[in-house]
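Engineer: Put together the whole structure using the sequences plus the hints.
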Amino acid sequence: MRAMLMAEPGSPDVLQPADVSKPGPLGEHDILVRVKAIGVNPIDTKLRGRGTFYPEKMPAILGCDGAGVVEAAGSEVTRFRLGDEVYFCNGGIGAAPGTYAEYTVMNEHVAAAKPASLDFMQAAATPLVLITAWESLHDRAQIIAGQDILIHAGAGGVGHMAIQLAKAAGCRVITTVGSAEKAEFARQMGADETVLYKEQDFARAVLDWSDGEGVDVALDTVGGAIFEQTFGAVRPYGKVVTLLQPGPDTDWKQARLHNLQISLELMLSPMYMGWKDALRHQGWILEQCAQLFDRGELAVHVSHKLPLEQAPEAHRLIEAGGMIGKVVLTVD
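Under full-length UniProt numbering, the sequence shown has 212 at position 212, and the numbering climbs by one with no breaks.
In short, the hints are calculated from the structure, not lab data. Errors might be hidden in some of the hints.
Beta-carbon label-pair distances, calculated as ranges [claimed, not checked]:
#	residue 1	residue 2	range
1	L257	S117	45 to 53 Å
2	P248	G170	19 to 27 Å
3	S303	D332	20 to 28 Å
4	A18	K253	50 to 58 Å
5	I144	N259	33 to 41 Å
6	G274	E319	28 to 36 Å
7	W252	G146	27 to 35 Å
8	D294	T330	39 to 47 Å
9	L244	Q291	29 to 37 Å
Derived EDC-like pairs: lysine to aspartate or glutamate, alpha-carbon spacing no greater than 16 Å straight-line [unchecked claim]:
#	residue 1	residue 2
10	K253	E228
11	K305	E71
12	K167	E297
13	K46	E8
14	K167	E199
15	K198	E181
These numbers were taken from a predicted model, which means no experiment stands behind them. Here a beta-carbon is modelled for each residue, glycine too, at the ideal position from N, C-alpha and C.
Structural biologist: So this is what it looks like as structure tokens:
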């Protein structure tokens, strides 16, 4: 089968096309999926640049996100039949081959039926960012209707999904963006208010928007100084969820004084640690979100569609920054 292989860490050009063996044999609960499209994520570029979590297992096939058709199934598979269309987040961190290939194998419980309203490219763009946004808002922050939510980088992959999930839950949303174009996109995704963080003090703007109270929940997708500055935008006893590891020089004084609840979110942990219940939960999240897509409460923006062999260019696009939405690779 065709695949993009990474033999060593480095620039995007370390991703090279190759013919490799089709994966198999299948375990009792495994499905073999013919990949139709692949979502490209920042984690792919980071692993390509610095090396995978399993450097002893090289060369590697990167890619966590995908969508395709079930072509074979293990003897105990009950959730899918041959020919079913699925989407999933699985592999690609170095332990098992990822999705930059014509075929991939996974346990049936991490996959979900592809939303009928999405094509393969749209579906492939969503799993990692959807699961991240859902776990952040629903599992960590436990948002409820009527709350005010701050979402950083609302035009990004996680950000534009988080805006929509928060709105579907009945919340008001304010988001930070870097340009007028991104502000318009975030409003199209449902944001009630946008803040141009390059021109405004976002914490001050959030306080003004929330009548001086601060938001109930903030989702930090940026990290660094933004994480610490976010404390000033959250009401006392509010919640902050961050996708990044706080730096050792973080000043926690305001967070402590205001009794903020700080949560960390890394959706790759269940795959890396082998937490089976958490992986099943992520499959369930994709099932719930498929219903939201098909009801018109969720949409995904795919900004670039490239053939599999142009994976290096996809990485360059992401590393250049400023993306609106997602980049997808297609497999004929």
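Engineer: Is it true that the C-beta distance of G274 to E319 lies inside 28 to 36 Å, as the hint says?
Structural biologist: holds (30 Å)
Engineer: Does the Cβ-Cβ separation between A18 and K253 fall within 50 to 58 Å?
Structural biologist: holds (53 Å)
Engineer: Quickly compare the C-alpha distance for K305 and E71 to 16 Å and report which way the hint goes.
Structural biologist: The given pair, whose Cα atoms are some 24 Å apart, is violated under the 16 Å limit.
Engineer: With a cut-off of 16 Å on the C-alpha distance, tell me whether K167 and E297 pass.
Structural biologist: Distance of about 9 Å is within 16 Å: holds.
Engineer: With 27 to 35 Å as the target window, see if W252 and G146 comply at their CB atoms.
Structural biologist: About 29 Å separates the Cβ atoms of W252 and G146, which means 27 to 35 Å holds.
Engineer: Under the criterion that the straight-line Cα-Cα distance not exceed 16 Å, is the pair K46, E8 satisfied?
Structural biologist: OK: K46 and E8 at ~13 Å, within 16 Å.
Engineer: Using the Cβ atoms, figure out if L244 sits within 29 to 37 Å of Q291.
Structural biologist: Holds: the Cβ-Cβ distance is about 30 Å, inside 29 to 37 Å.
Engineer: Does E228 sit within 16 Å of K253, going by the straight-line distance between their CA atoms?
Structural biologist: Distance of about 10 Å is within 16 Å: holds.
Engineer: Between S303 and D332, does the C-beta distance stay in 20 to 28 Å?
Structural biologist: Holds, since S303 and D332 (Cβ atoms, about 21 Å apart) stay within the stated range.
Engineer: Going straight from one Cα to the other, do K167 and E199 come out at no more than 16 Å?
Structural biologist: The given pair, whose Cα atoms are some 26 Å apart, is violated under the 16 Å limit.
Engineer: Do the Cβ positions of I144 and N259 conform to the proposed distance bound of 33 to 41 Å?
Structural biologist: 19 Å Cβ-Cβ, so the 33 to 41 Å window is violated.
Engineer: Could you check the hint for me, namely that P248 and G170 are 19 to 27 Å apart, CB to CB?
Structural biologist: Given a distance of about 38 Å, which is not inside 19 to 27 Å, the answer is violated.
In this structure, the earlier hints numbered 2, 5, 8, 11, 14 are contradicted, and the remaining ones agree with it.
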